[in-house]
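Based on these hints, arrange chain B on the given structure of chain A.
Number of protein chains: 2
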Amino acid sequence: MNKPAIEFWYEFASTYSYPASMRIADLAQVAGVAVQWRPFLLGPVFKAQGWHTSPFVIYPAKGRYMFRDVERICESQDLKFKLPPLEPPQNGLKAARLALVGERAGWIADFSRRVYIANFAEQKDISSDVILTEILRNIGVEPATAFAASNLPENKEGLRKNTEEAIARGIFGAPSFTVGDELFWGNDRLEQAIAWAKK
Amino acid sequence: MNKPAIEFWYEFASTYSYPASMRIADLAQVAGVAVQWRPFLLGPVFKAQGWHTSPFVIYPAKGRYMFRDVERICESQDLKFKLPPLEPPQNGLKAARLALVGERAGWIADFSRRVYIANFAEQKDISSDVILTEILRNIGVEPATAFAASNLPENKEGLRKNTEEAIARGIFGAPSFTVGDELFWGNDRLEQAIAWAKK
Chain A
27 MNKPAIEFWY EFASTYSYPA SMRIADLAQV AGVAVQWRPF LLGPVFKAQG WHTSPFVIYP
87 AKGRYMFRDV ERICESQDLK FKLPPLEPPQ NGLKAARLAL VGERAGWIAD FSRRVYIANF
147 AEQKDISSDV ILTEILRNIG VEPATAFAAS NLPENKEGLR KNTEEAIARG IFGAPSFTVG
207 DELFWGNDRL EQAIAWAKK
Chain B
27 MNKPAIEFWY EFASTYSYPA SMRIADLAQV AGVAVQWRPF LLGPVFKAQG WHTSPFVIYP
87 AKGRYMFRDV ERICESQDLK FKLPPLEPPQ NGLKAARLAL VGERAGWIAD FSRRVYIANF
147 AEQKDISSDV ILTEILRNIG VEPATAFAAS NLPENKEGLR KNTEEAIARG IFGAPSFTVG
207 DELFWGNDRL EQAIAWAKK
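In order, the protein sequence lines correspond to chains A and B.
Just so you know, the numbering used here puts the end of the first sequence at 225, numbered straight through with nothing missing.
Just so you know, the numbering used here puts the end of the second sequence at 225, numbered straight through with nothing missing.
Excised from the complex, chain A in its bound form (with noise of 0.2 angstroms):
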């Protein structure tokens, strides 16, 4: 029998999927399920839905809350918080795509985090490569290699194919987890997903 697995969609610009990508692999190994990290890009699924940019940009009040909310949130798990110093929503392209180099190497998770962490706790800018440059090199991985991977055109290719699959499967927002057909929205719906799985 196949072990049950989740698909864990999230972009590195979405807040929500901060919490949601440090919490995630313990959950889901307590739960015995088996997590597949789906990086994916906002800017399209957004655009799809007539928006040029966050809906927390769009709509103050919502961006307010979700401010407040996430906050709340890190608290609840003990991670930093704070807005990265750039204008919303931050560029995650680069980062993605090294994700995806990463999927293939083992090291997806682990970068993920890292990411997360400098976005939306030490406010770096994670499309600087520079930045990208720190967090490879502290999980241990040859940078220079990982951008080359991550600049092929099936690599990019990989990350559009997400981004698309993505929009077909009716994701809306990030994080997403789905489940075969079955598709929960945000963070608050993490252990609804793994239960899910594990019907």
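Please note that the accuracy of each hint is not assured.
You can't tell identical chains apart in this list, so a pair holds if it fits in one copy or across any two.
[Stated by the list, open to error] As a list, the in silico BS3-like pairs of lysine-lysine whose alpha-carbon atoms are at most 25 angstroms apart: (1) K88 <-> K187; (2) K106 <-> K225; (3) K106 <-> K187; (4) K182 <-> K108; (5) K106 <-> K88; (6) K106 <-> K120; (7) K187 <-> K108; (8) K120 <-> K182; (9) K29 <-> K106; (10) K182 <-> K225.
I should point out that these hints are in silico values taken from the structure, not numbers from a laboratory.
For chain B alone, coordinates are given in the frame of chain A:
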């Protein structure tokens, strides 16, 4: 010392307010927290965000997800859930005005729960006088008196004020819960709001 309290902001057309309305009284009672039921209208709130109707209508992917999500939630609470046969969103104006009468008279919670059941479990038209009359009778309230009170200018004004206060306090969706300045959005934040009230 005052009993800890939360304010429950809801709109009768809001799907997620349905499961919240069905569980808030019991949860709060067990926790020793008082609940102030605060009906308001989402129409003006959405208008302030540039929407002409419910975001679940504007964004189909979100609407489809919402239906399945609420279906799962209702299943877990042993609640029936069927979208009303009418074009969404339903018109909860009359019901909200009646609810305010019930706030003064002490039957707002019972009335509100029954309006939600009529709307989301029994597929009844909650903008219909016949349906609302039936609900009032079932909770032992004289319909003619309640309708007359609901149509008084000061009662209509009361609902407008609730809605204005909701917007002023940063509310952008329903259900929402407030404990002083602390805002919690969504049925899934109810437990957190109650815990906050006891801090």
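Structure-inconsistent hints, enumerated in ascending order: Numbers 3, 4, 7, 9, 10, in rising order.
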